[in-house]
Amino acid sequence: MGKRKIVLAQNKDYSGKISKPVMEKIIDDFKENIEDLEEKGKTVAGTIINGGEGLTKGAQEVFDEYTEEMESKEKFSIYNTNEEVNKIKESLQNKVRNKNKT
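Going by this note's numbering, the final residue of the sequence shown carries number 102, and the count climbs one at a time with no gaps.
No lab work stands behind these hints: they were computed from the structure. Quick caveat, the model's predicted, so the values are computed rather than measured. Check each hint, because a few of them may be wrong.
The calculated BS3-like cross-link candidates involving lysine-lysine, where the alpha carbons are at most 30 Å apart (straight line), are [to be verified]: (1) 89 <-> 57; (2) 40 <-> 95; (3) 12 <-> 95; (4) 31 <-> 75; (5) 17 <-> 75.
Work out the full structure, taking the sequences as your base and the hints as a guide.
Set out below in structure tokens:
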């Protein structure tokens, strides 16, 4: 069995688009947490940000740079809007309902 990997996530209860300063804070927090975990011998697979109705242009640029940095370290970074989170949740709930019917 392989070594367990950690996925860090931040859920933002946010209406409207996530701004550049908010995205920079999220990414700074992720970087700090990744560094702390890896110093303790843990393996971080990637990061997920959920919330908002999209990203402002500045936030998108910051996120794209961060994603490239993560990919260069063989890690992933994902951003999901509120709408995408709701679709994921609905899909998972349907799978559970369908599984329970059999």
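**Prompt:** Which of the numbered hints are not met once you compare them with the structure shown?
**Reply:** Number 2 - this is the single hint that the structure violates.
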